[in-house]
Every structure is written in C-alpha cells, then in structure tokens.
Amino acid sequence: MADLDQFRAQAQEWCAAHVPAGWRQAQTGASPEQFTEFQQAWFAELRSAGYAVPHWPAEWGGGLSTAEQVVLYQELAAHDAPRLVLAFVAIHHAAATLLAAGTPDQRRRHLPAILDGEIWCQGFSEPEAGSDLASLRTTARRSGDRYLVSGQKLWSTWAMAADWCLLLARTDTQAPKRRGISYFLLDMRTPGIELRPIRQATGEWHFCEMFLDEVEIPASSLVGAENEGWQVAQTTLSAERGMTMLELAERLGNAGMTRLIATSRQAAGGRLTPPGLITDQLAAFETEITGLRAMCRSVVDSHDIGRGSLVDASVVKLCYSELLQRMTDFGTGLAGLPAHSEMQKPLSGSYESGTWLLDFIGSWEWTIPGGSSEIQRSIIGERGLGLPREPAATS
Amino acid sequence: VRDERAEAREELRTVARTLLAKSGPRPDWQLLAGPGWPGLEIAPELGGSGATFAEVAVIATELGRAAAVSPFLGTVVLGAGLLAAISPQSSRDEMLSDISAGRSRVAVAMATGDEAVTGDVAPFRVQRADGRLTVHGTASFVPDVIAADHLLLLARQESGEPVTVRIGATELRAQPQPLVDETRRVGVVDANGMQVADEAAWPFAGDPEVAVAALASRAALAVACDSLGIAEAMLEATVSYVGKRYQFGRPIGSFQAVKHACADMLVQVTMARELVSEAADAVAADSFAAAAAVSMAKSYACAAAVSVAGKAIQLHGGIGYTWEAGLHVYLKRAALNRSLFGSPSAHRQRLAYRYG
Numbered sequence: 001m002a003d004l005d006q007f008r009a010q011a012q013e014w015c016a017a018h019v020p021a022g023w024r025q026a027q028t029g030a031s032p033e034q035f036t037e038f039q040q041a042w043f044a045e046l047r048s049a050g051y052a053v054p055h056w057p058a059e060w061g062g063g064l065s066t067a068e069q070v071v072l073y074q075e076l077a078a079h080d081a082p083r084l085v086l087a088f089v090a091i092h093h094a095a096a097t098l099l100a101a102g103t104p105d106q107r108r109r110h111l112p113a114i115l116d117g118e119i120w121c122q123g124f125s126e127p128e129a130g131s132d133l134a135s136l137r138t139t140a141r142r143s144g145d146r147y148l149v150s151g152q153k154l155w156s157t158w159a160m161a162a163d164w165c166l167l168l169a170r171t172d173t174q175a176p177k178r179r180g181i182s183y184f185l186l187d188m189r190t191p192g193i194e195l196r197p198i199r200q201a202t203g204e205w206h207f208c209e210m211f212l213d214e215v216e217i218p219a220s221s222l223v224g225a226e227n228e229g230w231q232v233a234q235t236t237l238s239a240e241r242g243m244t245m246l247e248l249a250e251r252l253g254n255a256g257m258t259r260l261i262a263t264s265r266q267a268a269g270g271r272l273t274p275p276g277l278i279t280d281q282l283a284a285f286e287t288e289i290t291g292l293r294a295m296c297r298s299v300v301d302s303h304d305i306g307r308g309s310l311v312d313a314s315v316v317k318l319c320y321s322e323l324l325q326r327m328t329d330f331g332t333g334l335a336g337l338p339a340h341s342e343m344q345k346p347l348s349g350s351y352e353s354g355t356w357l358l359d360f361i362g363s364w365e366w367t368i369p370g371g372s373s374e375i376q377r378s379i380i381g382e383r384g385l386g387l388p389r390e391p392a393a394t395s
Numbered sequence: 396v397r398d399e400r401a402e403a404r405e406e407l408r409t410v411a412r413t414l415l416a417k418s419g420p421r422p423d424w425q426l427l428a429g430p431g432w433p434g435l436e437i438a439p440e441l442g443g444s445g446a447t448f449a450e451v452a453v454i455a456t457e458l459g460r461a462a463a464v465s466p467f468l469g470t471v472v473l474g475a476g477l478l479a480a481i482s483p484q485s486s487r488d489e490m491l492s493d494i495s496a497g498r499s500r501v502a503v504a505m506a507t508g509d510e511a512v513t514g515d516v517a518p519f520r521v522q523r524a525d526g527r528l529t530v531h532g533t534a535s536f537v538p539d540v541i542a543a544d545h546l547l548l549l550a551r552q553e554s555g556e557p558v559t560v561r562i563g564a565t566e567l568r569a570q571p572q573p574l575v576d577e578t579r580r581v582g583v584v585d586a587n588g589m590q591v592a593d594e595a596a597w598p599f600a601g602d603p604e605v606a607v608a609a610l611a612s613r614a615a616l617a618v619a620c621d622s623l624g625i626a627e628a629m630l631e632a633t634v635s636y637v638g639k640r641y642q643f644g645r646p647i648g649s650f651q652a653v654k655h656a657c658a659d660m661l662v663q664v665t666m667a668r669e670l671v672s673e674a675a676d677a678v679a680a681d682s683f684a685a686a687a688a689v690s691m692a693k694s695y696a697c698a699a700a701v702s703v704a705g706k707a708i709q710l711h712g713g714i715g716y717t718w719e720a721g722l723h724v725y726l727k728r729a730a731l732n733r734s735l736f737g738s739p740s741a742h743r744q745r746l747a748y749r750y751g
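So the sequences go chain by chain: P and H.
Just so we're aligned, residue 1 is where the first sequence starts under my numbering, counting upward by one.
Just so we're aligned, residue 396 is where the second sequence starts under my numbering, counting upward by one.
So that you can see chain H by itself, here it is in the shape it has in the complex (with noise of 0.2 Å):
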C-alpha cells in the first residue's frame, strides 16, 4: 500500500512539473484547478480528491522549483487546512466547494513569523460589548491576502479559546506589502475593531489549541517543501551549467572546488529531501511526532536553499549575478521562506525544549 501511494505520488510530482514547465513561473489558478491541486485535501464530496498533506506537499516543492507565483500557499495549504479544522457547516462546506473547483482564493491571517512558532499562532481578538462582537488586532505578511476572496482571521476569544473569524474580502481591505521576493503576494490585515455577525465566528472541530497548532505546522512544512524545490532548481541549473562552460581549457565542473562545491549541495538537498519527507509523513499520518518533526524540516531545509542558491550565483560567476540570469529569484526566494512561519532558530528553540 505504501508502494502504491509513493508511486501515486512520484507521478503527481511528473505531472506537475511538466504543467508547470509548460505554463512559465505565473501559471494561471485555474490552470492549476483542472489536475484539482486547489482541492487535493477536500473530500470527495466537496469536490476534492481526498488525498493528504504528503500529496500537498509534492505540488509544494513544485512550486518552489518553478519559483511560480500562485495562491497555492493561501488557498490550499493554509485555507482548505483550516477550514478542514473547523466543525462541519453549510457555509464552510460552501466555501471548500468553490476552492475545489477553483472558484474562491481564500488567505488566512495569523503570525508569520517568529510568534507562529515560539509564540501565539492567533494575533486577533474577539470581544463582545454590549451585545456585539469586535475583531482587534493585526497581522502582517499574510499570504496571498490581496486577491483573496475570502479572509479567515485566527482570534482568541475572551476565554482565550481560538476561534475562526470569517470576513468577506470587500469587508475588510487588506494592505499590500511590497516584497524584494517578486514571486510571493503578501498583505497586512488590521481588524480595527471591526464588528462581525455571530455566524462569522466559526468554532473548530477539535481541541482548538491543537487545530492551531497543527495549521502552523502545515504552514511550516509546505515552505520547507518551497525551499527544497528551490535547492533542487539551483543544483540542477548549476550542475548543468558547470558541466558546459569552459575556462583555462576544461569545463570548470571538472575542477575540485566546483566538483566538490556541487557535491555538497547535493549532500544539503539529499538531507533536506529526507526530513521533509520524514515529516511530510508525520504531519498527513497527523503523528504526535509531527511538530518536532516539522521543526527539523524547516530549520534544515529553508537554511539549506539559501546557501545551495547563494552557492549557484557563486558558480554560475558574473553572470549569475545579473537579473537576467533570474538565479536571484531563487535566492530571494529561499531567504524569504527562511523567515516566514518561523526562522531555523526559532524552530530548534521549539526543539531544544525537549531537552529539558
């Protein structure tokens, strides 16, 4: 069964890399729908195909080799995780329905940094006054908030239990953030205060605490996936060019520095490979290992595309320092991931914790 499902997998992976090789780095979303990626987690019934994080997160590490622009991290990696969490009901099953079909981007506001691991996942509160409910607080760098059709905020009831607030995105505006990474869509989200119907707090299903956490975990994860799609891009591209551009009369891969420059970038890819696979199977088995497990992959792996796409411009030389060369898309790229939903030292903080 275990065959059966990493070779499901492995052609999935085929797959998207050939869509995505064919569609350029700003694949069209809807493009994206019709292989049903917005739905890959969804239940059948809602129009999704039924399948698990670990399927999530091969079209992640897709996206990162591609270096695509897409609401992927948004939509499905954080909204159809979340509004998995939350307790069954005619507008959220609406919801998971239009993004199966590709119909609604949804972004989810929470921390995105640092406090997403070390600190509270839910920035926002909820209060009631005088018979209404008010939404404070902030969030910022939230991802694909812009064209988002959908905002769920994750708040903290006066009683400290989270809860999911749904707002529509005409309702509260989010603010772009300009990114020196031209390949992700962040914004600022400022409830202000804002009032919301009852109905627009969404409880979760479970324990609320895990739910949240176990969101974080997700968001961790896929940009660890982002990150080794990218390393594996910038080996590849650097192998290839090391192999075909000459100086002093031989290919400059056939001189040690470089040769053993590549061999060490294959030796980060092939660790980062197996811990975030290690914990791409934690978290879709939802195994009690999974956070310790994501933590590694994330600290491991978002270091390691950074210095496997540093190490590409260094070996493509001058010219893998201009823009036309793009590698600086990647390295952008990868030292955003870094920071986002957790920097490597924060998430071997959460793991050095067990060492008591």
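One chain only, chain P, in its complex shape (with noise of 0.2 Å):
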C-alpha cells in the first residue's frame, strides 16, 4: 500500500509538471495536422515518464501493475490530461492482439514501431456488416505468398492518419461466417487502397470509408491461423474495455462531473443552494458515475486474477455510454441557447468536454460503435443471465 501511495504522489507531481496548460483552447478548431502533432507530442511525453504503455508486458516497455494503471488513470483524469486518441487502436487493440495471437517476427516489427509512434486503424466493420460483424464480405485470396483483398470497409477510426490497419476479411467463402474469416496487419501504403473520410453527426471527420481493390498483403502478415480470425478478433474487442472504460470512468467522475457542476451552477445564477431539481439530477450523475467507477475497478481485478467475462464488459460499456449521453444531454439543457453557437469542442479530450451540445450529439459515438446498446443488452440477456437466444434467422 505503501508503495501505491508513492506511486500516486510520483504520478501526481509528474501530471502537475507536464499536462501542457491551456491545452484545450489550443486544440479548439485544431487542424489535423495540429491535431497530429499535438497528439504525438503527448505520447512521446507520457513514453519517456513510462506512461505511455503501462499495461504492456515489461519486456517491451510497459509493466506497472494493475493497481498502478488504475492509479496512473486517475491521476490522468484527476489532472484533466489530454487522452491519447489517435495512438488508441495500435497501444490497445493492435498491441493486444500481438501479444495474444502475433508471431515473435510480427511483435518485433510492430510493437516498438507503435512506441515510435506508429498509427494503427481498424479495419472490421462494413456496410453489410455492422452489429452482424460476421457476415463481412471483404475476400482475401490466397496466391503464392500473399494474398489479395477486395471489398469495402467502414468507420474506420483515424485511417487517414494511420500507417497499419488491422484488418478482418473472408478467406473461405463456403465455410459458415464466423469459421470464414482471417486476421491481416496491413500496410496503409499498399497500393489500391482508397480512403474517403465520412462526415459524422457532429460535423468532425473522424472517420473513414475504405476501398481494398487487389490489394497485396504478404502471408507473413496473417495473424493466427488461415480461418481462424474471428476468435482473434475476439481478443481485439475485449482489449477495448476493462483498464480503457476505467480511464474514461474516471474522467466523467472528475472533469465531466466539474464542468457539469460549473454549468449547473451557471444555469442557476451563481449558487446551487438551496438544493432543488438541478442538484438532485447532479447527485443521482454523481451516484451513478460512483458506481460505475467501482465497477471498473472490479471489473479490471477480475480480468487480473484471470476470472474476467465478456458480461461484465458489455455491462460496464452500457452504463458508461448511457450514462455519457444521459449527461450531455443534461448539460446541454442547463447550458441553454449559448450552447447551440458553440461550433466546436476540443479534440484530444474526453466525451464530456463542455461543449455540451456537440458532447451530446457525439455520444452517440458510444451508444452505437463497439457493439451498440441493444446488441449489448442481448449479450447480458443471454450470457450473463443465461436466457434463450433469438430463434436463428433462416439464412
């Protein structure tokens, strides 16, 4: 315990000295190339205290315990620190994968690439395939010793930043759809890739449409076994829940629940007393970010002593993107007509930024990716509680 309580302070005095002041002004109507830098500028900062990677193994450059993570996080949060949004996909899903199902060559090229600041897009979902992953239609075909990929790819993350994409597409066409599937790292130089941003809900561009026409992709670059890419990709979802919800627990338990505070006591002319409707919903946000945040912390020890499920995940992803939206809508409200001129948040930040309006619209950035919430709640339902599936479509 001790030694945590050191942890902390030296997290501590390390957020004090180096989460760059006035960050948020500055990546208000940022440039992407602002962005860019901005983002790698922080990631090389938060490498050379050892922050960059906490959760890794040691060997290649990560190894602080579960409870330090957890401690490192809410440091993070309690300094209101800038998120690494653009190194997401490689320090988590790409890494994760790797580790998980990666070849000693593939981990060797990839993993200190990533700490080098390397940028990695995700390239799963389609426009037939979005909750029904599964049935994703993008082919690889072998030839020689390389494959050859054609299809269509969406939201894909950052992709015209990234220099990799992970990428799941179908390898045996007859097989029934989850057995059809292998796992690719793929280079985003290759020839025959066509990137088109997709313009989202709240005006930003964060994300991408991508078209593969014969695009070669060397068989050193598949990931676990021909056909087998869909329990890899398994590992891919999870690595996104667990210590990443706990971060962003925390920081609607800290600036989330402070700027809304601030807004509250605006929209009431200065003081929140005596109590009234404003504080009661501030409370029952409070109370349910509280227990949100012990539900991480049980969630991250349960995946530490190995007893972790994909329910407690689906759990915790649920209330936090519910919750993300109950609050900005919330403050949206209290922030009234001014909220509706303010044209831009800023990036590099969390879902609860204070911008209230485009806060609210953009979560439903979390109410529908990874999973929306009724494919979640169906998740709970029958393996959580065990209730009996669908009957299966005819197909």
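Note that these hints are calculated values from the structure, not bench results.
For clarity, every value in this text was computed on a predicted model and none was experimentally measured.
Backbone N, C-alpha and C define an ideal beta-carbon position, used for all residues, glycine too.
Heads up, a few of these hints could be off.
If you only want the chain H side, here are some residues facing chain P, beta carbon under 8 Å, derived [as the list claims (entries may be wrong)]:
{"#": "1", "residue": "F643"}
{"#": "2", "residue": "P646"}
{"#": "3", "residue": "M666"}
{"#": "4", "residue": "G705"}
{"#": "5", "residue": "A747"}
Combine both chains into one complex, guided by the hints.
Here it is in structure tokens:
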C-alpha cells in the first residue's frame, strides 16, 4: 500500500509538471496537422515517463501493475490531461492482438514501432456488416506467398492518419460465417487502398470508408491461422474494455462532473443552494458515476485474477455510454441557447468536454459502435443471465 | 488480508442464504442467534463475534433477499450499533450480552423518515424540572418496537447535546402502526413527558453528534442492503420465469423486449451492489467519506429495488399480479425501504450540499 501511495505521489507530481496548460483552448478548432502533432508530442511525453503503454509487458516497455495503472489513470483524469486518441487502436487493439496471437517476428516488427509513434486503424465493419460483424464480405484470396484483398470497410477511425490497419477478411466463402474469416496486418501504403473520410453528426471527420481493390498482403502478415481470425478479433475487441473503460469513467467522474457542476451553477445564477431539481439530478449522476467507477475497478481486478468476463465488459460499456448520453443531454439543457452557438469542441479530450451540445451529439459515438446498446443488452441477457437466444434467422 | 475477509463474508452469505431458505420468511430469532447474527459486531468478551458492519451488511442483504420478518434492523443494526457508541458501563454491557445470546430484543426510537438525513436524528427532549428528569417527544415508524424488551430513545438534553434514554418495554408501551408491507413491524413511541431516573440517561463515549449521525448512516445503509437483496431476488425469479414461460411458441425470455428488460435489471443490481459494497466498507472503516457513500448507496439501491420489483411483476404478467405469487411482498417492502431513513431525494440533497 505504501508503494502505491508513493506511485500516486509520483504520478501526481508528473501530471502537475507535464500536462500542458491551456491544451484545451489550443486543441479547439485545431487543424488535422495540429491535432496529429499534439497527439504525437503527448505520446512521446508519456512514453518518456513510462506512462504511454503501462499495460504492456515490461519487456516491451510497459510493466506497471494493475493497481498502478488504475492510479495512473485516476491521476491523469484528476489533472484533466489530454487523452491518447490517435494512438488508441495501436496501443490497445493492435498490441493486444500481437501479444495474444502475433508471431515473434510480428511483435518485433510492430511493438517497438508503435512506441515510436506508428498509428493504427481498424478495418472490421462493412456497409453490410455492422452489428452482425461476422457477415463481412471483404475477401482475401491466397496467391502464392501473398493474399489479394478486395472489398469495402467502414467506420475506420483516424484511417487517414494510420500507418497500419487491423483487417478482417473472408478467406473461405463456403464455410459458416464465423469460420471463414482471417485476421491481417495491412500496411496502409500498399497500392489499391482508397480512403474517403466520412463526416459525422458532429460535423467532424474522424471516420473513413476504405475501398480495397486487389490489395496485396504478404502471407507473413496473417495473424493466427487462416480462417481463425474471428477468435483473434474477439481478443482485439475485448482489449477495448477493462482499463480503457476505467480511464473514461475516471474522466467522467473528475473533469466531467466538475464541468457539469460549473454549468449547473451558471444556469442557477451563480449558486447551487438551496438544493433543487438541478442538484438532485447532479447528485444522481455523481452516484451513478461512483458506481460505474467501482464497477470498472472490479472488472479490472477480476481480469487480473483471470476471472474477467465478456458480460462484465458489456455491463460497463452499456452503463458508461448511456450515462454519458444522459449527462451530456442534461448539460445541453442547462447550458441553454449559448450551447447552440459553440461550433467546435476541443480535440484530444474525453467525451464530456463541456461543449455540451456537441458532446451530446457525439455521445452516439458510444451507444452505437463497439456493439450497440441493443447488442450489449442481448449479450447480458443471453450470456450473463442465461436467457434463451433468439430463434436463428433462416439463411 | 482483504481477500481473506472477503472470503469469510462469502461464506457467511452462503450460510445465511441456506439457513433462510430452510427456515422460510419468518425465521425464529433464537434460530438466528445460533450462528451468532445478533452479536456479529459485539465484542467477544460480551458474547459477540467482534465482526464489522461489512458482515452485518451481508446478513441485511440476505434478509431482504428472503423478505424475512426479523428484528434484525431494530436489535442489531440500530440497538447494538447505538449501544456500541455509549460509554461502557455494567447495564449497557449486560444489554449487549443479552443481545448476543439472543435473549433480548432492542428498539431505537429515532427519526425514521427524511429527518434522519436532512433534519434532527434525535426526536426526543430531556428536561429537568424540580430535580426530576422527564422525556418529551414522539417517534413514528420505529422498527421492531412492539416486540422489543428495551427501548432506547435518542434525545437531546437542554444543552442540545444528544443522549440515549433507556426505557424498559413495560414502562412505555409503543403503539403498533399498520403497514401495507406485512414483513416489517413498526410502531409509534410517545414519551409524553414521562419521568425517568437519572441513571436512564446514557451519555455517548465520543462526540455525540458524530455518534448520532453514524447511527443514521448505519440505518440507511442496512435498508439499502435489504433493497439490494430484494432486487437480486426479483431478478432471479424473473429470469427463471421468463426462461420457462412459453408464448407464441417460444420462451418469452427469447424476445428482445423481455431479454433487454432483464439486462437492465442486471445493470441496476450490479450498480446497486457496487455502491452498497463501497458504502459498507466505508462505514466499517469509519471513513470520513462514509456519509456520502451511504447516501449514494441508499438513494440508488432503494430506487433500483422498486424499479426491479415492479419490472418483475410486469414480466411475470397476470400471475405476477396475484397475491399468491408473492411478488407484491417484495414490491411493498422495496417501497417502504425507499422511504425509510431518508428518501432518495433527501439523500441526494445531502450530497448536493457538497457542490456549494
């Protein structure tokens, strides 16, 4: 315990000295170049302190204990630090995939490169494969020591900035849908890739459509065995939960709650006493955030002792996303008309920036991707409570 | 050490669940005294097991899960809790020994509604006139007061300082109050200026205001535990029913509308469990943050239990609405719990003072 207190003191001291003052203002209305540059600088800063990839094994540059990671994310949240938005897929999904299923060569090639700033995106979803991801149609044909990939991917976050892509493609069109999928590492400089940014509801451009036309991938970039990519993808998807959810919940509880209280105080004419409807709702939010933070710590602890479950992750994701939506909705109402003329929110931050209307609209970015709330409820019902599955569609 | 304690608590939970399943919803108090529940927190030299509130919370949750009729709230949560805060002396120790042994039931007359959170926890006044000590004031919805052997009144002296007034059950008869919830027993205590001996006014060992506030916290959290147990039981019953009940040729639990409602119930139960567990740890550790943690647990868990029990009736359909099915018992208890020792909005009001 004393060691952990010492680690907290270190992390506090580091945050106080290194979180750039005024980064929110600087990142509001920032150009894509300014955003990328800032993200890379912050990544390098965290890396030099050993805080960029604390969840990685020590031999690859990580090695903080679970308890230390929790403390680190609590302190980063408490100091309202920028988030690693651009490196997110690289340090979480790509690393988890490589560590779980990558070859030694693949790990040596990519893990150090990620630490040097290699950016990754995800090529999973397709126009006809959203919630039903396993029905994806992009195909990879084996030809000698390479594969030729053709098809269309959708919702690849930050794909225009990415160096590499985690790609799912069908290698056996005859097999049942989950059994014919393979997992690839795709170099984004390969000829035949066309990217088209998609403008999202907030007006920003964080996603891409990706068109693949006979794109060559060397067979050495296959992860896991051919046709066993679905299992590999499950690892990748579960990497999104646990500690990353803990970080977001901590941010919701720290800066998020602080900003909501500030907006409430302003809406109430400068003071929140005596208590009324507004403070009642604030206290309800604080209560749910407190429960969510405790839930995240339980999930992380249970993963640590090998008892983590997909259902816990679904409960956490569902709670976070819907709480975020309700909080940002409430903030939008309190902020009133002025919220409607705030045209830009800071990049590089969390999802409750205090630009309430844009935060609220952006909250669907949490209730839809990564398994929509409806999918999460079905997972919880079927795998968590053992309820009977839907009768299968005849296809 | 933490893991060992957590394991011991899980064992206690299993034993309690088995015992209550065997005994039915009206367990004999002597039966519960066997495994030492009345004396859980009482010191070993007074016949107790020297455990903490975290263990009391386990039993409170299981009693809620069984919707059991039991004087646990009055005697253990309130009675033993209050006595522990009083300066040690022979008659106090005797009372604690009697509680440990299951020989004695105690009730505490204190504020039981929103005043327990936002007002004065001590509803009685002690006055001295012509050398005689008299007690004034009333308290209603006092848990387990009718069958109690001893009554402890939370009163303020003329100085304003809280004190506990001990009264034998035969000296002051409490009036039973009707309750829609048939699983709890409450009554009104009217002191009506009764005269008491000087020795009946027991001072607190530490800061009396802190002790009184801590007692209100224990009460609220124990009720939150009870509600958590109710919500757990209602979720389990519902999951079991919708997996077996067929309509349109399928188990109704395979329909998304039903399945997703069950998923929401699980989310609420999970959230309630985390908040209750955090608060129980804080109260057991006597943490400065305990009051806020209790208010969060109480406001969330008690509202969640009403919502989950209500959803349980809905998903059971017509049969769920019958007296015989018994789901109404849980809904009524959950609704009473929500008002007992501070409504959700009263607790949130207390939280809100921190926002300034």
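Structure-based check of all given hints:
| no. | hint | in the structure |
| --- | --- | --- |
| 1 | F643 | 10 Å, violated |
| 2 | P646 | 5 Å, holds |
| 3 | M666 | 4 Å, holds |
| 4 | G705 | 18 Å, violated |
| 5 | A747 | 3 Å, holds |
When held up to the earlier numbered hints, the structure conflicts with 1, 4 and fits the remainder.
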